[in-house]
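Fit chain B to the known structure of chain A by using the hints.
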Amino acid sequence: MDLELMINSFPKLLNATVVTLKLLSLSLLFGLFIGLLFAIMRMNNNFIINKFAYGYSYLFRGTPLLVQIFIIYFGFGQIEFIRSSFLWVVLKEPYWCAIIAFALNTGAYTSEILRSAFQTIKKGYVEAGKSLGISSKIIFYKIQIPIAIRQSLPAYGNEIILMLKGTSLASTVTLMDLTGVAKYIISTTFKPIEVFIVAGSIYLFMTFLIHNFIKFLERKYNY
Amino acid sequence: MELLAFGKTGWGDELFYATLMTIAVSVTAMLIGFLFALIFTPLKLSKYKSLNLIGNFYTTVIRGVPELLVIYLFFFGGSGAIMFVASMFGYYEYIEINAFITGSFAIGIISGAYSTEVFRGAIQSIDKGQFEAAKVLGVKKHIKFYKIILPQMLRLAIPNLSNVWQITLKDTSLISVTGLVEIMRQSYIAAGSTRDPLFFYSFAAVLYLLLTFISMKLINRLEIKYSRGF
Chain A
87 MDLELMINSF PKLLNATVVT LKLLSLSLLF GLFIGLLFAI MRMNNNFIIN KFAYGYSYLF
147 RGTPLLVQIF IIYFGFGQIE FIRSSFLWVV LKEPYWCAII AFALNTGAYT SEILRSAFQT
207 IKKGYVEAGK SLGISSKIIF YKIQIPIAIR QSLPAYGNEI ILMLKGTSLA STVTLMDLTG
267 VAKYIISTTF KPIEVFIVAG SIYLFMTFLI HNFIKFLERK YNY
Chain B
26 MELLAFGKTG WGDELFYATL MTIAVSVTAM LIGFLFALIF TPLKLSKYKS LNLIGNFYTT
86 VIRGVPELLV IYLFFFGGSG AIMFVASMFG YYEYIEINAF ITGSFAIGII SGAYSTEVFR
146 GAIQSIDKGQ FEAAKVLGVK KHIKFYKIIL PQMLRLAIPN LSNVWQITLK DTSLISVTGL
206 VEIMRQSYIA AGSTRDPLFF YSFAAVLYLL LTFISMKLIN RLEIKYSRGF
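Chain order of the listed sequences is A and B. If you're matching positions, the first sequence starts at 87 in my numbering and goes up one per residue. If you're matching positions, the second sequence starts at 26 in my numbering and goes up one per residue.
I should point out that these hints are in silico values taken from the structure, not numbers from a laboratory. Hints should not be assumed to be uniformly reliable.
Restraint-style ranges between C-beta atoms, simulated for each label pair [claimed, not checked]:
| no. | chain 1 | residue 1 | chain 2 | residue 2 | range |
| --- | --- | --- | --- | --- | --- |
| 1 | B | Ile192 | A | Leu107 | 15 to 25 Å |
| 2 | B | Lys160 | A | Asn101 | 53 to 63 Å |
| 3 | A | Ile135 | B | Gly105 | 50 to 60 Å |
| 4 | B | Phe82 | A | Ser171 | 46 to 56 Å |
| 5 | B | Ala49 | A | Asn101 | 31 to 41 Å |
| 6 | A | Phe133 | B | Gly105 | 55 to 65 Å |
Cβ coordinates follow ideal geometry from the N, Cα and C atoms, glycine included.
Same shape as in the complex, but just chain B:
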């Protein structure tokens, strides 16, 4: 137990901050994922074949390639890509991007592919009559989306989005390979310096279980809220 003490003698405070880091990365990645889903869902649902192709390419590639490989691509290629863009503007110094940004971006792209599929499925399962009724009543386009389609879509999407959240949360453990100090990395450091890997990795497992358990409880509440009237 003294291994978990707060302060200089134990690893309690370090692990606490590492847990906060895991939450921060997961939330950022999830939001970046939503941004990607916002771009690619319309592409997948578009009437045009070429736009469909782009949308399908994104979701197929990302969901068919291991997360770790995507993370390595961003970790080793991220600063190179940014330096290439910077060199076009005449800036040739070495740029290092921070591990938090690379990590959340990599996980965000992965989570975005799953979110895209969820949104696509949710929109497609809304009754066609709803779109037609809105049209007949002369509802404006953006009001139709925000007041009619979105609320119905969220109800259908929330259970699946909660799965995406769980996947994202667990995927953040892979960012530890880039050196970002989240739960896994901190446990690795602690295990190395105390020579007690069993304890620290088991504790990491407990932390992840707690995170998944608490988020499940919160999402269940949301689900109840959005399924009112059904």
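Looking at chain A on its own, in the form it has when it is part of the complex:
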């Protein structure tokens, strides 16, 4: 056991954790919007809109995240139309490619979580709102959405942890996140176990924090 290496690599890995957290928070933010949008589309009665949202979530949940990143990072650069448009400013950066892929991926899972949450809302709540003469828009924003968020908290907590682990794939498109730096240190020192223990502990610590934060929210919004 090489303790010195573990101590020396800790600050480097901690620096890389900042990149991981940035990737995580941005993709979750965008992913939540995408998820909400597609969850609403899934509940639409229009056949085409409904099937489109279903196809989206099927496509992104049925393929590995690695494929999605590679298509966006390596694949889209090949299309002349994208290269010459303003999109290229964003898509030539591996950082944004990774975030787009993560956001689309977590969006698909989030849409499923939110959809099932909306479907489990008791009809009585909506009917009660209607009978009190509240407009259906306000029923949706003030009654259905808050209940759905509370319902989906446990599942969404799992999704955050899955996404935290998913951000490690950013290292495959040259980004130096926690896993990227860990791999770099391993391949230069050939001490995989030591680096794994340090990097793994940082990941575990973050999972622990997320888990407890969600538990706290669950208790706070208990009804």
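Quick look at chain B alone, frame taken from chain A:
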């Protein structure tokens, strides 16, 4: 379309074999995962606190650390660990383990952590009366497990195990970083030599979708079979 031709001109046969490799790794990893689940589920359900601790340590660490990090640990550390064991028996030559074994082992350990949780949940949700009834009737211990607990457990576990299978199948794409030629690696090679990454990665996505779709259909049949009478 000619890019997908079989034979020397296209990548069809290469991708076909790569798909077989993905299936082989997934199945091996799933089986290794079952072995791990077989060891760790009893530990998690044990009466003894220290055994619980070992079981919980395994599932918590593996499910809290990125798959890629576990794969790097095995990829860089695997042959080192084996050489260390070999050196204790007086063998000092360099040993290289094959990427298939390292890969399926790494994914197997990950899949095992999920399977352990599934089995634990399934056993815990079997009615206590079933255990007691078997005891009262004087059913032998292993018959009780195989004829009473296992069939009921499988019915509850199959839907969740199908999720574990999907996760495992998708995780195998990460082994491509170690150089094992499965779907992802083959697409990477093909994309590099034809300069057409969009086509090959999209095709890889289609292959994965096909695999998940077909396995879903097969698992649904199993589910129907095991839920007879319910």
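> Checking against the hints above, which ones are violated?
Replying inline: none
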